[in-house]
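Model the placement of chain B on the given structure of chain A, informed by the hints.
2 protein chains.
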Amino acid sequence: MVDNYTSLNKTVLALIGEKKFKQLQDILTNMLPADIAVLFSELPEQSQPLVFRLLPKDLAADTFVEMDSDLQHLLIQGFSDTELQEVVSELYIDDAAALIEEMPANVVKRILRQADPETRRQINEILKYPEDSAGSIMTTEFVSLRAQMSITDAINRIRRKGFDSETINACYVTDDGRRLIGVVSIRTIILADENDRIEDVMNRYVVSVRTTEDQETVVNIFAKYDLTVLPVVDGEGRLVGIVTVDDALDVLQEETTEDFEKMAAITPTDRPYLKKSVLEIWRSRIPWLLLLMISATFTGMIISHFEDALKTYVLLTAYIPMLMDTGGNSGSQASVTIIRGLSLNELEFRDLFRVVWKEFQVAILAGVTLAVFNFIKLIVVDQVSLLLALVICLTLMLTVFVAKLAGCTLPMLAQKAGFDPAVMASPFITTIVDALSLLIYFRIATVLLGL
Amino acid sequence: MVDNYTSLNKTVLALIGEKKFKQLQDILTNMLPADIAVLFSELPEQSQPLVFRLLPKDLAADTFVEMDSDLQHLLIQGFSDTELQEVVSELYIDDAAALIEEMPANVVKRILRQADPETRRQINEILKYPEDSAGSIMTTEFVSLRAQMSITDAINRIRRKGFDSETINACYVTDDGRRLIGVVSIRTIILADENDRIEDVMNRYVVSVRTTEDQETVVNIFAKYDLTVLPVVDGEGRLVGIVTVDDALDVLQEETTEDFEKMAAITPTDRPYLKKSVLEIWRSRIPWLLLLMISATFTGMIISHFEDALKTYVLLTAYIPMLMDTGGNSGSQASVTIIRGLSLNELEFRDLFRVVWKEFQVAILAGVTLAVFNFIKLIVVDQVSLLLALVICLTLMLTVFVAKLAGCTLPMLAQKAGFDPAVMASPFITTIVDALSLLIYFRIATVLLGL
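Residue numbers (the working numbering), protein chains in the order written: chain A, 1 to 451; chain B, 1 to 451.
A portion of the hints provided could be inaccurate.
Same chains, same label: a pair holds when it works inside one copy or across any pair of copies.
[What the hints assert, rightly or not] Below, simulated SDA-like cross-link-like pairs (lysine to any residue); rule was C-alpha separation at most 20 Å, straight line:
| no. | residue 1 | residue 2 |
| --- | --- | --- |
| 1 | K161 | T188 |
| 2 | K416 | D70 |
| 3 | K224 | A414 |
| 4 | K311 | T446 |
| 5 | K161 | L387 |
For the record, the hints were derived by calculation from the structure and aren't laboratory data. Predicted, not measured: the structure shown is a model, and the values here were computed from it.
Pulled out of the complex, with its shape left as it was, chain A reads as follows (with noise of 0.2 Å):
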């Protein structure tokens, strides 16, 4: 790992400048993928093209699928098609697949034009499932065995096909139709005896999914069962391709920022924010602004209607903003907390009862608590009329009542309908909220005030 990007960078921009290509190869070839990627991006553009061509083949297209795809294009516009080629070449499936989605038409073209037609047929095969299903992020490349092998014909197959694999970490069984009947790690291959027969060793009960399973589900999918890899399989149950854990582990990462936007009223993109352009952000953010305003229209409409009310005891104003956002934070707490447990499956719709239950009683707790504080600041500190006092408190702890209430059911409920629960947080929750405590506030205010 390199610690300080900013001397190595100064270093290679020196080797650069001073021509000392011999040594700055050097350098490139100590290092991992991963950094060299990193490096490349705070480089001039005119000087990435000419490093790049000092890396060895193999390295090369590592650092490579490392790059984005900002750079991964500048770079393809610069290679010879015998360039070009060699770094396809160098790809695994899933990558050159990854790859060929980002890229303009022309690009595309000419990528695949370099391509052996084996290549470009299992790139297709790739393209062909729907975005963020398991068949759009599997490798067709993988060592498969047969459950009558011996483990020295085995080892014999792995040698002669591991090269291409992406994995040998688990090898997968299948019978005569293609059909997956097991799976055996290299580490069972390697520890068996070398009469041992496959089928003595394989484990028959092999988790698979299918290629139109969400990628979501095989994130899951490979937490529960401490996988590393984890097969894909056609309707007919024949082994189609493999996905790898750096994969699920990548794919995990991008739900969860996606989630995480999908609840601050955001459009998900899966661009970095330094990346996207101003226009881009603005065209995320502005719909659920807009729709968030025009919601928080109804809560304008019950201030104008108890207007006079308000004319009458202006002091009732002072404390709107209090009840709402006490408010909107005890439906947020729930709704977020739900929305988790949804997504970890550690929830399901037949829990609503359950959650309920306990939101009910926390529910509870939390709002005589924070009305009791609450009633003490009231009297001792701002020092309002007792009947004024209890018109907050009393609308406290029904807001809160409300809002835990509103915040759990809501995003189960949701998902229930077929939504994204994600939908259901913080913004949603305290626009709902808002309204609910203001109708709150008055019928109290009218009753006990006499308004």
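This is chain B only, laid out in the frame that chain A set:
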């Protein structure tokens, strides 16, 4: 994978009732540990020890690891010393250490008494590292090789040592002082020529972490370098353990949950929602609600200060919620984006000015868009005076502007100051923006409406 737990559960209960234990055993041995653990969690308590005893030894240990700590505790209480010893001896060291951290003192004593001295030493080794450090999540069972070994020697050593090791996907090469000098994958060993030496095929550029490194950094390293195993070294560079990717995935899920909780103003706890008691949930939420409630007092004070203005122009009140909510949402969008960028290492403090400049532009675009829409609505639907519409729309623009800037700078400043940026999410941003938006509102109203 078992799709239908409910029907399986019924079958299992029926078999228990009819005492058909042989049949039950056949079903269980055909299941995966994670699935058996789910099944267990739904069995009646008195059947759990009985069913556990039906599992073959290694499956029992694998299943035990997948259970939650309440169930583990219950089973251990029913174990004889021999049974406990059997389970403990089958556990990997990191799993044994994790178990011990969860159990009450008397159970810990029993477990350690049943472990053999070497296991006990290794468990204590792991337990001495600070919580959430690389040392605390590593396992001390791994295969290490020497540079001078031939491939054949290495394979023999792996066969001898491999049974106890959690993974042999990566074998680490150490020198005479046990210092980490290289890594070689089992794949490379299998594919290498038998006469090669380890030093010919090993990779000298090994990514490793110090025992004291934070577990969040560990996960980021796994993701960055696409690893399945990460070696852990002590202060002198000696190899002391390895972290496997399945544990990294668990840490990632755990850390993500913590981030979600912090961002919703909840003190993180590590138990799943349904396992938490009402009091536990209340304790994790109430301090923040109180703190935020008290902070909202300032907002109330601002309103009280402008009481006279509100009395003469009571319509102003109707737009307070819309202004506060839109400000809060604008600020949350920016803060959540930045918090996520920081946690993915896509952003650093040195990007502060680029971030502020981007948000500055987004704020102007978003502010103008919202103001225009709102202006039309105010004039056409609400039919307020031109001057009031102007006051509201100017406030809206300035609020969005202030909110976006507070939202993007506060998380970065928090991180720079050594705090977790996640606390600078919606709840705090909203509270700050509320007060600022009201100040802007009344200031503009005072000037334009001559209050």
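Hints and how they fare:
Both within a single protomer and between protomers do K161 and T188 lie at most 20 Å apart by alpha-carbon distance, with minima of 18 Å and 13 Å respectively. In this homomeric assembly, K416 and D70 never come within 20 Å of each other (Cα to Cα): the closest approach is 39 Å inside a single copy and 30 Å across copies. Within a single copy, K224 and A414 get their C-alpha atoms no closer than 25 Å, and across copies no closer than 34 Å, so neither meets the 20 Å cut-off. In this assembly of identical chains, K311 and T446 lie within 20 Å of each other by CA distance both inside one copy and across copies; the values are 13 Å within and 18 Å between.
For the homomeric pair K161 and L387, neither the shortest alpha-carbon distance inside one copy (82 Å) nor that between copies (77 Å) is at most 20 Å.
Violated hints, listed in ascending order, are 2, 3 and 5; each of the other numbered hints is respected by the structure.
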